[in-house]
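S.K.: Working from the sequences, and respecting the hints, build out all of it.
From first to last, the protein sequence lines are chains A and B.
Residue numbering for the first sequence is 1 to 1036, as defined by UniProt numbering.
Residue numbering for the second sequence is 1 to 224, as defined by UniProt numbering.
Since the hints were derived computationally from the structure, they do not count as laboratory data.
Treat the numbers as computed from the prediction; the structure is a model and nothing was measured.
Some hints could be false.
Only pairs whose alpha carbons sit at most 25 Å apart, straight line, appear in this in silico DSS-like list of lysine-lysine [what the hints assert, rightly or not]: (1) Lys621/A / Lys594/A; (2) Lys541/A / Lys610/A; (3) Lys181/B / Lys353/A; (4) Lys699/A / Lys718/A; (5) Lys387/A / Lys335/A; (6) Lys269/A / Lys181/B.
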Amino acid sequence: MWTNPNLRCLLALAILCLTSFVHSREIGSQGDPQNLKCVTHNLRKMVCTWDISSKRRHGQTEFCYTTECFKTKEKRVEIPVPESSTTVKITTYSISGTAFTTRRFEIHKKDISFVPLTPRILSLTPDFSTFTLTLKWSDNGSAFPYGLDASWEIEILRKETMEDVTRESYNSKLTHEDIIHSWNWKSDMPLECTSHYVRIRHYINITQFDGHKDWSDWSPVEVVPGKDTEPSGSGLFPQDTVVAVGSNVTFCCVHEEGRQVQRMSYGAKDYPLIRLSSRSSAIRVLNANASDASGTNIVCRMSENGMDGTVLFVGYGPDVPEDLSCETSNFVIIKCTWKPGRASGLYGVRGTKYSLIESISGKNVSCEVNEMKKERICGFPVLADQKTYSFVLGVSNPIGQTEASLLVDLNQRVNPETPEKLTVSGNSSTSVRLHWFINGSFAEIRLLCQIEISSGHSEQKLHNVSMPGGKFSTYTAQLNALHPYTKYRFRVRCSAADHFWRWSDWSGTEEHTTLEAPPARGPDIWRERSPSGKSLRIFWKVDRKLKMSVWSLMDFFVVFVADNVKTDRAVAMGNGIYISWNSYPNMTCGYIVKWCHSSGSEPCSVDWQKFPSNTTDAVIKSALFRPGVRYNFSLYGCKSSGYQLLKNITGYTKELPPKRAPNFTVEETSSDSILVKWEDMPIEDCQGFLEGYRLSFAKGEKDALKPRLLESGNPELKVKNITDLTKKSLKILDLQGKTSYQLDLQAYTAGGLSPPNSLYVVTKEDSVGLIIAILIPVAVVVLLGVVASIFCYRKREWIKETFYPEIPNPENSKALQFQKNICEGNKSLKTLEMNPCTPNSVEVVETQSAAPKIEDTEMMSSKTDTIVPEDGSDSETENHVVVSYCPPIIEEEISNPPMDEPVGLSQVVYIDIQSMYQPQIKPEEESEIDLVTTAGYKPQMQLPVSALKIESRSPAEEESDKTAGYRPQANTNAWNMDTPDSPGSVESNNENASFGSPCSINSRQFLLPPKDDEDSPKPSNTGWSFTHFFQNKPND
Amino acid sequence: CALRARDSWGIFAFLCAALCNLPAVPALNGTEELGAGQSIQKTYDLTRYLEHQLRTLAGTYLNYLGPPFNEPDFNPPRLARAEQVPSATVDLDLWRGLTDNARLAANYRAYSRLLCYLRGLDGQVGTVELRHRLGHFCSSLQGLVLSIAGVMSSLGYPLPAGPAGPPAPPGAPAAPNDFLKKMDDFWLLKELQTWLWRSAKDFNRLKKKVPPAVVTLRMEARGF
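M.R.: Below, the structure written as structure tokens:
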């Protein structure tokens, strides 16, 4: 609480009063004056007040100080402030006039309080547009010595309830004069919204005063009444205001009594209402965004369909103009341009305004600018006798203002107006005069003008002319060295000569044709005598600028033709033809290359080109030259006696592939050769210098569907390249007889290959070869027979001994050795049985059996014989798990077992490793085993129906067994067999597993049971044949 | 004249009008009925075209004015000053009870006044594009005023006194603030819409009264 300065002051005052009271107290009796307090407002006089303790009524009081005494009815006196201290005597009297009591008080200067007089507000002026209050008051400084510090406190209150808004400080110095102070305060809310109150107090810091100093009392409040106090005041405030983007704005809606504000919206959004008074509500918008072109609407909706609104324009202050540049085009107006920078977002009357101020002359102009254009332009008049201009471009809008400045020397910123009224005059064949007008006063500068001269196809030339400027005058320039009788086009542009700034735009183009001049030389002519010598043809080159007439043919004209004129080939160079020749020293007046353009059937048109005598080569160019056309050039040398043909040259500007291939025919064919002949090709078809022929051939039928010989990557394609152009035939050798060949002939030049010409030829039959091909093998066979016969006859004894001994020796028998290898270890076999091993049967033999059996069918039957089935004869053969693939022939073999038991004979069962390792099957489970053995693959045509078994089988099994034709390869019943109750569930599990990958014979080595399975059967022979693979149940 | 794609309906209407009227053009200096019927048809077409044109223009313009003016349910109280804009909110029966001449004269007066306000609006718009469209609409509306005058003269009615020929400058004082000005603009567009809607009805009725059969007959005679 001690932080409050007011409270502290009050407390200090209280303590002071208390002490003064104690000091001044003498006798506390009835009617005693007490609590003498003295306060000064101006340091000259002070007001002393006191209390009288008695409750009795009293009359006057006599107050004495220094030497003066006076009576008063009040309990206050005003006396001068003592220098240091003074003693006062206060005597109280009764109503009747008798003295009650007298007291003396010693007043020290330090006991006197200094409280400035309450200030009085002179005026409080509102500015509603800026929400500003202006307060004016007088400081009463004349009452105080000079130079005192004065502090002011101004309190702003708002609403009917006079809520504190702010308390502001203001400091000043007293100048011993009454000064009127003015102070502004900007409200954050329009002043119309509600009443605003202001009061003020002050404090003077008199350092030389010892006593207590205090703030004055608050002045009476001054009020700026809000619209809500006016009986009919209403509206939404502020009206049509412009603020900067990001501002905080308070809007208030003042309405008539009795209505209620329902909602207030800013743009499309409602804002929470702030109640200001019964007739005024407000919203506060923070950080306002830039508004649209027409501003942001704020709408207040009231009860009874009341509505009020206002528009707020939120934009940016003006940007500093960029690229301010000023120039003159005529020394009448200075045009300044600039870029406005960021758009303010304000339009129309609120848009950015520009004014151009010239600070040297002090003149200024306001600029009308087109908002739509990116660049702004403003004109300023050129002032007489002023060359340097200091421009300040002032930019302002309701939000702010800025400026840009530029200092220009006008003579250095001249961009002349476009020259106009350009005329060309001249009566010469080589020179013209140009006249043009420039709308401007350039008297003080020189102009540099540029004339662009263009004629026909030749390149444009620029000609610069410098000339003194004039005032709105016409300028003239002369151009010389023009060509006679030539159409020229001229245009002009100008700039300042001394300080180039910018070229003006080009003037309009003006055309002019120079006058004709006599020809500088005669026409270029060529003469040709007709073969008969009776007529002479004259050729000349047309010069459009020259008029020609043939005057005389009488001049001397001789052409010498040497006998051995050689013909060279010319080389194409670019789009011309390069021709070179040796220097002929006697050709004194140059050379002529003459050629002929032939176009179709018309006689060729002669053209020629002359060269000086020191030339030895030339590139002949002509727009008429065409690629692929042969041109014949004749080189003539000129000497005093006439022209001499030096040589002929042929050439192409560009060689092309021949148009077509030469026609060719097959002259003769034999069984191994073809003779081909072809014709010469006309030169116009060659389209280049023929370099050779390409004959390609390969076997091929005349079949349109087949790809072309040349296109296919035929490996048999053979190509013969004929570079000897004199050769017109070719014999193709090493061909096969009676074979069709395709022959393609192409001609080629440096330009490429012609399209091929194709022929199909069939070679003749080679009868001799055929006869030889038959005879030789026959002869060889006969010869071999003879040799064998002789050999056999000679060695007949040895043969007999070896193959057919009279007493066979097994040790010596080759055949038996063979057998022994197959049936290894079977020494007890019948010796001379040549086919004991059926090559496609293998038998797995019991391990106990010391003598493995060879014959599968026999072994099988013998095996079944050994088995003693417990439940009759039904399932003897079930012991054999037949697993191997059986060729049909084997089925036949095993279809005759002694027991006539079909089961297993023809069964082909795929079995996997698991089934190979199956445990021994107990006899009581055999019927199930039988069942499951059928679960594997069943041939579709073999029906292993066992009549004996039918009774013991379930109807389902029966059904399956009866099924003829196709059978599913898996026994569907087997899939259901692994129920716990099923007697064969264990085995069936094993067997079911055998549905997996079938095991081929190739992998049977894998199928062999492991060694620890003592009962596993072992094949006695794994011979080369595919055979049955039996698995036995040895323990049975 | 920057016609938008949106104006295609209007173009279509125009084309139709032109097409309908084309065969009758040589008959312009024919009978009285024919001239009146034709100009009524033209005026009707123009009214429909303006109706369509206003629909797009009003959308753009109300968007330009910003919320809440472009809100579909915005229905501000009609302030006293908006009454200066000629209102089409006359009782329909009362309106029908008027003579053709009176109705035409009312139309003529109304559009002349509306045109004045519309022209005033043109100069204050911030965006160039909208200014162009307003200008375009103004010329069309001017055409309608002339067209109505043509109908009246062809029917032998005198032109009403008051704003005739080139419209007089708007007599209404400038709105005291921007919001009220926007409100005026809003009402102007709204009234225009109502007027055009009612005028289309008026001209349609008038078209039936002035026998179009003559026009059709003549069209058939010439067109086919």
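S.K.: Decide, hint by hint, whether the structure agrees.
M.R.: Verification of the supplied hints:
Between the alpha carbons of Lys621/A and Lys594/A the distance comes to roughly 12 Å, so the proposed pair stays at or under 25 Å and holds. For the hint linking Lys541/A to Lys610/A, the alpha-carbon distance of about 12 Å falls within 25 Å, and the restraint holds. A threshold of 25 Å between alpha carbons decides the hint, and for Lys181/B with Lys353/A the separation of about 23 Å falls inside it, so the pair holds. At roughly 10 Å between alpha-carbon atoms, Lys699/A and Lys718/A fall within 25 Å of each other, so this suggested pair holds.
For the given pair, Lys387/A sits about 14 Å from Lys335/A by alpha-carbon distance, which is consistent with the 25 Å threshold. Taking the CA atoms of Lys269/A and Lys181/B, the gap is about 21 Å. The hint holds against a cut of 25 Å.
Hint check: no violations occur; every hint is consistent with the structure.
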